[in-house]
Amino acid sequence: MSEAPGSTGFDATSLSSDQQTRFVNENLRRVFLLIYRIVGNVPDAQDLTQEAFIKALQRQDQLKDLDKAAHWLSRIASNTAIDFLRRAGRVNFSELEDLPEPVAKSREESPEDLLLRAERREYLEGGLGVLTERERTALLLRDVEDLPAEEVAARLNCSKATVRSHIANGRVKLRRYFERRKS
Amino acid sequence: MTAHVSEIDLALAASGDLSLWRAVMLRLHVAGCERCRKAAEEFRADRRRVRQIASELPAGLDWDRVAAEMTANIHLGLAAGECVAPRRKKSAVTLSWRPAAVMAGVAVLLATGWWLNMPHDATVALGRALSSVVHGRTMAPSPAEDPGMVVNADEKGVELRENGGSLGISEGSAPPLAVTVSVPGSASARYVDGDTGQVTITSVYAQ
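Going down the list, the sequences are from chains A and B. Going left to right, the first sequence walks through residues 293 to 475 as the working numbering numbers them. Going left to right, the second sequence walks through residues 30 to 236 as the working numbering numbers them.
Looking at chain B on its own, in the form it has when it is part of the complex (with noise of 0.2 Å):
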């Protein structure tokens, strides 16, 4: 290697401020090359004395006088900085994280022994209200659930069935000869009496 390396070169490496690359080959230059090397040197050493005296004060600067003069500027600037200050809003009342969580868990029991406690009924119902503000729109019962105004028809005679009560219509204890239920939401029955040969017919409609 006979050209030298540039200056520039040499005052970056001396705080690492050079490529990969060219922080490679200036190593390699330097240590066969006296005269770089000691540029080198020297350009460290700068950076040195500046640290150094950046941490001096100015020459003949009364450093108490100007700290204690400058700390009452300060104090004073606070406080003027205070008295032109927007006043503040009062922020709301904030939670930090632990009693949020305790509160969260408590609510969480009361409202799990209120579910476990309420009847079957009203357990569903609510379910299905809560389902269907989740899925944001109304959700219609499952028949399993509520099968709504229900025709029966069997041996002991007809029976028109809501909201749990029941209306049963029956001769009786004759069981009738016949029974009909349309899809439209009726049934029938149709008894013959065994000693006169009347017969009679039994209808409901769910309406």
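Chain A extracted, bound-state conformation (with noise of 0.2 Å):
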């Protein structure tokens, strides 16, 4: 996650057709990453994303700090998917095994590269589909955006206490799963 907005140029009241489709190349595979991880499946990340952007840039002139526009844009991507979970209940994590073979993207990896890569992603992907949902979230906006617990308490609606209990026990998971996987 370390794209970040970078120096769009832009008028953040109207942006042109062209200004538009720089803030949405520039910040796309960030916050498609964010709101996958969230809900766990690529078809409804894709379809959250797109509402993500359309909601952000529909709202162009509540962005009045384009430094804060990554911040801005995050925080309405996860809204949106934490609003998607509500809505939605569980995540059916059982697509993850559905999506084809993993596809050689770089070419500077090498085959053993591109197979440990796969294992590793596999290892955590599975850790993270242990949690419930609340706590990978929870886990996610605290390890992955580095909000604060007080932020990630008002984007999920409950209490800083409860956030730690979240992030708390996910991490214990995360850690018995691991140690499963190693043994």
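Just so you know, the hints here were simulated from the structure itself, not pulled from any lab data. All values derive from a computational prediction rather than experimental measurement. All C-beta atoms, glycine included, are put in the ideal place defined by N, C-alpha and C. Possibly wrong hints are sitting among the right ones.
What the hints assert, rightly or not - Derived pair list, reagent style DSSO-like, types lysine-lysine, alpha-carbon separation capped at 30 Å:
1. A:Lys360 <-> A:Lys347
2. A:Lys465 <-> A:Lys452
3. A:Lys360 <-> A:Lys452
4. A:Lys474 <-> B:Lys67
5. A:Lys465 <-> B:Lys67
6. A:Lys452 <-> B:Lys67
7. A:Lys347 <-> A:Lys452
Stated by the list, open to error - If you only want the chain B side, here are some residues facing chain A, beta carbon under 10 Å, derived:
8. Ser44
9. Asp75
10. Asp150
Hints in hand, dock the two standalone chains.
Structure representation (structure tokens):
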């Protein structure tokens, strides 16, 4: 999640079509990944990413400070994903198994590297899969988005103590999962 | 310290989410406990792993295709939104602060010039009117500014003054023998003819 909105020289109050495209291109991957990690499947993440961008671009007038664009967009994205989970109930992680086999993306990576990466990804994604929605969302917002516990609590609409409990339980579950996989 | 730190505390410590007191206690314990130190390091490593995996695309995802599809759908959604959005009301013309400040300065300059070039009486009357507007009530003029109708009796005779004009009654150059002024607003002057002894009384009344 290292992509930032960058130094887009757009006027936040009215973006031209080109500026909108740039804004989307610079943030699409980051927002998609955030939503994907929360909802856990590609088709829903794809729909929700689109929804988040449309919401954001329709509310451009609320974007006063471009330096905060990444944070603002992330907030819309995570809220969109959380609302979806609230509406839809539990996420179906079995869809991950239906995805096609990994495709080589980088020419610099050897087949061994790719295999290791795929294994590591599967390993960690499996770990995230054992968490409840709220644990996973709290953990992702805290660890990946680097939001303070208070902000996570605000987004999940619960108390800070509850968020800390979700984070702690999530980490302990992940640890146990990794230990099981190791043994 | 014999009891080990709980897993929950170790998990929270990985992201600095422990309270200050518990964090200090944990650090003290971990400094002397190999098992807890190892567990704390594992939680920190898990956190790094999660951050790392979160930045990677799902396995097998053709990102270029998915990104192009999403971008097209976003533009489509925005275009559709514009079609169905309620028409915006035409907003009134708004000035930015710079032109507004210049216009205000020019207005103050003109008003000051006009004020300074007005006749004194008009300035006083306008000031009174403005003051009454500001205070929300009609203010009576002060006697010094507008005495209204005045009767006057002096060595020249009796006189009635109002609005800058005056009407005086006298007996030529002869001074009155006596003048009287009454509170209800009248003034009288008595003249005595030195040759005939005839007495003449002239009076003015303010009504």
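We went through each hint and held it up to the structure:
| no. | hint | in the structure |
| --- | --- | --- |
| 1 | A:Lys360 <-> A:Lys347 | 16 Å, holds |
| 2 | A:Lys465 <-> A:Lys452 | 20 Å, holds |
| 3 | A:Lys360 <-> A:Lys452 | 24 Å, holds |
| 4 | A:Lys474 <-> B:Lys67 | 16 Å, holds |
| 5 | A:Lys465 <-> B:Lys67 | 17 Å, holds |
| 6 | A:Lys452 <-> B:Lys67 | 27 Å, holds |
| 7 | A:Lys347 <-> A:Lys452 | 27 Å, holds |
| 8 | Ser44 | 6 Å, holds |
| 9 | Asp75 | 5 Å, holds |
| 10 | Asp150 | 54 Å, violated |
The structure fails hint 10 only (numbered hints given earlier).
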